[in-house]
Amino acid sequence: MAHPAHTLFLPHPHNNHRAKLLWPRSILILIGLFIMGRSIVDITIGLLPGVLGYASQIDAAKVIELTNNQRLNAGLEIVRSSPELSQAALAKATDMFANNYWAHVSPQGTEPWTFVSNAGYKYQHAGENLARDFSSPKDIVSAWMASSTHKKNLLDSRYQDIGVAVMDGYINGVETTIVVQMFGAPQTSVSRIASSTVDALPVLASEKIIPSSGLSPLDLSRSWSLAFVILILFALSLDWIFVLRYNLIRISGKSWAHLTYFAGMAIILLIIRQGIIL
Amino acid sequence: MKKPLRHLLDYLVLCLLVSTGIVLILIYNGNPIFQRFVVLGLSLIYIVWGIVHHLKEHTYHPKIVAEYALFALLGSIIVIGLF
Chain A
2 MAHPAHTLFL PHPHNNHRAK LLWPRSILIL IGLFIMGRSI VDITIGLLPG VLGYASQIDA
62 AKVIELTNNQ RLNAGLEIVR SSPELSQAAL AKATDMFANN YWAHVSPQGT EPWTFVSNAG
122 YKYQHAGENL ARDFSSPKDI VSAWMASSTH KKNLLDSRYQ DIGVAVMDGY INGVETTIVV
182 QMFGAPQTSV SRIASSTVDA LPVLASEKII PSSGLSPLDL SRSWSLAFVI LILFALSLDW
242 IFVLRYNLIR ISGKSWAHLT YFAGMAIILL IIRQGIIL
Chain B
71 MKKPLRHLLD YLVLCLLVST GIVLILIYNG NPIFQRFVVL GLSLIYIVWG IVHHLKEHTY
131 HPKIVAEYAL FALLGSIIVI GLF
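These protein sequence lines are chains A and B, in that order.
Heads up: take any position in the first sequence, counting from 1, add 1, and you land on this note's numbering.
Heads up: take any position in the second sequence, counting from 1, add 70, and you land on this note's numbering.
It is possible that some hints are incorrect.
To be verified - Label-pair ranges, simulated between beta-carbon atoms:
1. A:H7 with B:V118: 32 to 42 Å
2. B:R106 with A:R246: 32 to 42 Å
3. B:A136 with A:F235: 19 to 29 Å
4. B:R106 with A:P84: 37 to 47 Å
5. A:N101 with B:C85: 25 to 35 Å
6. A:R159 with B:L86: 35 to 45 Å
7. B:L125 with A:W103: 19 to 29 Å
8. A:G76 with B:V93: 23 to 33 Å
Just so you know, these hints were derived from the structure itself, not from any lab.
A virtual CB, placed ideally from N, CA and C, is assigned to each residue, including glycine.
Kindly generate the complete structure, drawing on both the sequences and the hints.
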């Protein structure tokens with residue numbers, strides 16, 4: 002009688018020459034277990050807000066500097082830090098935390114331009130980029146540049162002013178850092194000469210930075226996902242070795258193909274960065 | 071075409087598809103909606119690749135298609151759960 006661990010991981014006459022872990026019903030069980038584990042994480046976040054989170058200290062001035070570097074590279078004039086737009090960005094970030102949403106338009110229907118007008122900035126053109134959960138200003142600007150709509154805002158020649166706010170807080174019980182970037186062109190536009198120096202006056206939304214718990218939801222989810230992928234890769238590798246060694250013939254998919262697919266998924270899991278843009 | 075050579079060609083195609091998916095994920099880091107589509111697309115293509123490969127090998131069987139579909143479903147759920 003084969004040991005249960007052998008039949009679970011190794012091809013054997015007792016498991017019809019296919020590791021039990023790779024049987025269709027086992028895959029279904031694995032799918033169920035994975036969803037159950039993820040649900041526990043989500044429920045924990047809902048019941049114990051603040052247990053998981055990701056807060057970082059993003060330098061708003063650096064976001065402005067990197068934005069202007071991109072504009073200079075594209076042959077555009079730099080945008081100057083505007084106290085009104087910074088105020089508008091701060092108001093937008095505060096509103097998102099207060100009303101627990103992550104969107105350009107609030108659940109009450111408040112558009113970004115409302116915050117711009119309320120801050121006293123009379124605009125002819127205005128734009129907004131959002132980012133959350135990033136660890137560095139460089140990653141934020143890179144992500145915006147990789148998205149056509151955000152890049153369009155960043156490299157819009159009509160904009161003359163910029164305001165950036167960075168704020169820590171909780172959305173849906175998860176600690177997070179939000180970055181709001183507002184662009185604007187005033188109604189009475191005065192032509193300016195491009196300057197290589199950035200006159201940045203960033204607004205840091207809170208003087209007291211909420212310390213990060215250090216346990217990011219992404220890291221926890223990533224570990225959970227990786228555990229499953231490693232388990233499958235291990236079982237498939239053993240299966241492949243046994244098929245090659247004993248020249249087993251059976252009606253099944255190709256283990257090396259499954260291995261390639263799951264190796265790809267493992268790489269994707271490792272390269273996914275923290276951070277979302279909107 | 072000889073069988074080992076045909077195997078190698080199919081394997082190279084699969085590697086190319088998976089690599090393309092990885093590169094797209096890397097380029098669109100920070101854009102989870104697009105990344106979700108990339109993972110779903112890659113998983114669907116993987117099922118199609120499995121069907122085509124086994125048809126060419128004359129080893130096609132619905133059980134095999136179900137196996138590819140289940141592995142693709144598990145892979146997609148594991149990765150998409152992260153976005």
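Now the hints, each set against the structure:
no., hint, verdict
1, A:H7 with B:V118: 32 to 42 Å, "34 Å, holds"
2, B:R106 with A:R246: 32 to 42 Å, "39 Å, holds"
3, B:A136 with A:F235: 19 to 29 Å, "22 Å, holds"
4, B:R106 with A:P84: 37 to 47 Å, "39 Å, holds"
5, A:N101 with B:C85: 25 to 35 Å, "44 Å, violated"
6, A:R159 with B:L86: 35 to 45 Å, "42 Å, holds"
7, B:L125 with A:W103: 19 to 29 Å, "46 Å, violated"
8, A:G76 with B:V93: 23 to 33 Å, "28 Å, holds"
Checked against the numbered hints above, the structure violates hints 5, 7; every other hint is satisfied.
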